[in-house]
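Build the full structure now, drawing on both the sequences and the hints.
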Amino acid sequence: MRVCKTPSCVTRYSVDAWHELKGIPFREDSYQEADWVRHLTWKRYIPEPRILSIVALSLAPVWLWSVFVSGALGLYATYAEPCGAPRLSNHTDLVVPFTITSFALSLLMLFRTNSCYGRWWEARTLWGSAYITCRSIMRLSLCYVGRDNPHLVPALHRWNAAFTPALASYLRQKQHYLDDHLAAVLPEAELEWLKARGSPPIAVLQVLSSLLDRAQGLSDIERQQLEALISHCDVITGGCERILRQPIPHAWNRHTLRFLTVYITFLPFAFWPIFGWATLPVMGVLTFLLAGVENVGTQTEEPSRILPLNQICAATIRAVGLLLSDYRSATGLAATAADVAAAAATCSGDGHDACKAASAAAPPAAVAVQLDGEANGFSPSAVPGKTPPPAVVTVRRGSTGRQLGSARASNGIDSSGSGGGWMRAGDADGAAAAGADSPRGPSVELSGPSGLATPSTARPLSPDPSDAFASA
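Going by UniProt numbering, the sequence shown opens with residue 1, and the numbers climb by one from there.
For the record, the hints were derived by calculation from the structure and aren't laboratory data.
In this text, a Cβ means the ideal position worked out from N, Cα and C, and glycines have one as well.
Among these hints, one or two may not hold up.
[Claimed, not checked] Listed below are the simulated DMTMM-like cross-link pairs for lysine to aspartate or glutamate, each with C-alpha atoms no more than 25 Å apart in a straight line: (1) 174 / 188; (2) 195 / 180; (3) 195 / 148; (4) 195 / 241; (5) 174 / 148; (6) 43 / 33; (7) 174 / 213; (8) 195 / 179; (9) 174 / 122; (10) 195 / 213; (11) 174 / 190; (12) 174 / 241.
[To be verified] Beta-carbon label-pair distances, calculated as ranges: (13) 293 / 38: 20 to 30 Å; (14) 213 / 53: 21 to 31 Å; (15) 33 / 75: 19 to 29 Å; (16) 95 / 75: 13 to 23 Å.
See the structure below:
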């Protein structure tokens, strides 16, 4: 829609207005390795008949007009001029004006094409930033919010994945982006609510901010980091809106089109004395090439129509889904590591009774695991005393910390030997107190070059740590 009525005013376009100027529907392609291989060879010169026919049909009114003018000039020169009509076809000096003005036309079209390319590149950068920001929001949310608010993680995943489809739907005014990409992500009620919003991407950001506000236990810095990322998504939305609503200055576009139309209309008068009836195909080809350059600028002026938004939306949903899957896997590994740490600390003392009690309470996989230096690439014969080098594994789980603190207190393991890394008897009471008081549990120090051995590489537990490595 227009915001002013003067010819030189800047026009604010709606989506329908862009559709009126859409020209050739460019393809949405995201290049893979095979596409680049073909693009870098001579095969790129081979025309694609389907694409060529689409381009020719899209520009048919323009090149047919130039062919019509050329044909009318030919008929006039053949039948009217011999009968005494004014001569229009035998002026070879007409080449000079076109030679002079061709430079000005080139500058106009070059500036317009470069400006449109700049808009396309900015939009592509914004969409790439949207992908990275959504991934960062999910990563930090899992670390910060998921730590003390695991019940909010599924909602954060759903609405974080919904941002790019909501932005694509908003820019193109097509709800199929929401249906195609979010039908399997959002519940039906949430999806219908999102469709009813006037600005779906802003609605998604509002939900994310509300979820962040409900999260408990976040420090000020953590909350500021997440809010900054959400605000950056708002900036991305504003940048895309600016590109959509504000085209290149309208006067520049219109003058370029007028110049090109006049140029191809009168160019046959300069060609006829040289080519004769061959002017018709020559003008058809030249008009196709010149109008094609102008059409490239028109297409790239509104980038959301030609960018591979479907691929970007799918990639964003896949990325945040992988982060959630990795988070759940890491949580399971942390729980397993905590159980293994408790079993190893309990069974590394001199008493078999404590080990049997831990074996009865712990999962079978955790009970069968010990700190095996050789299984992790450590050779006992290479170190004096046949003890593994120290390593640290931090386990942040409250219940496991209390269990492990009790195990330390009951066994009183000493680490004063040359190997190091085993628990000191003086730390047992402190560990038990930390496990009872801290909601996340104590930091647990374990022996071994890389932490814990996996159940598949573990051997039966030995009552003496040195015996376990001596028998390797």
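Hints, verified against the model:
no. : hint                 : in the structure
1   : 174 / 188            : 18 Å, holds
2   : 195 / 180            : 13 Å, holds
3   : 195 / 148            : 32 Å, violated
4   : 195 / 241            : 18 Å, holds
5   : 174 / 148            : 38 Å, violated
6   : 43 / 33              : 15 Å, holds
7   : 174 / 213            : 31 Å, violated
8   : 195 / 179            : 9 Å, holds
9   : 174 / 122            : 22 Å, holds
10  : 195 / 213            : 24 Å, holds
11  : 174 / 190            : 18 Å, holds
12  : 174 / 241            : 15 Å, holds
13  : 293 / 38: 20 to 30 Å : 24 Å, holds
14  : 213 / 53: 21 to 31 Å : 55 Å, violated
15  : 33 / 75: 19 to 29 Å  : 55 Å, violated
16  : 95 / 75: 13 to 23 Å  : 22 Å, holds
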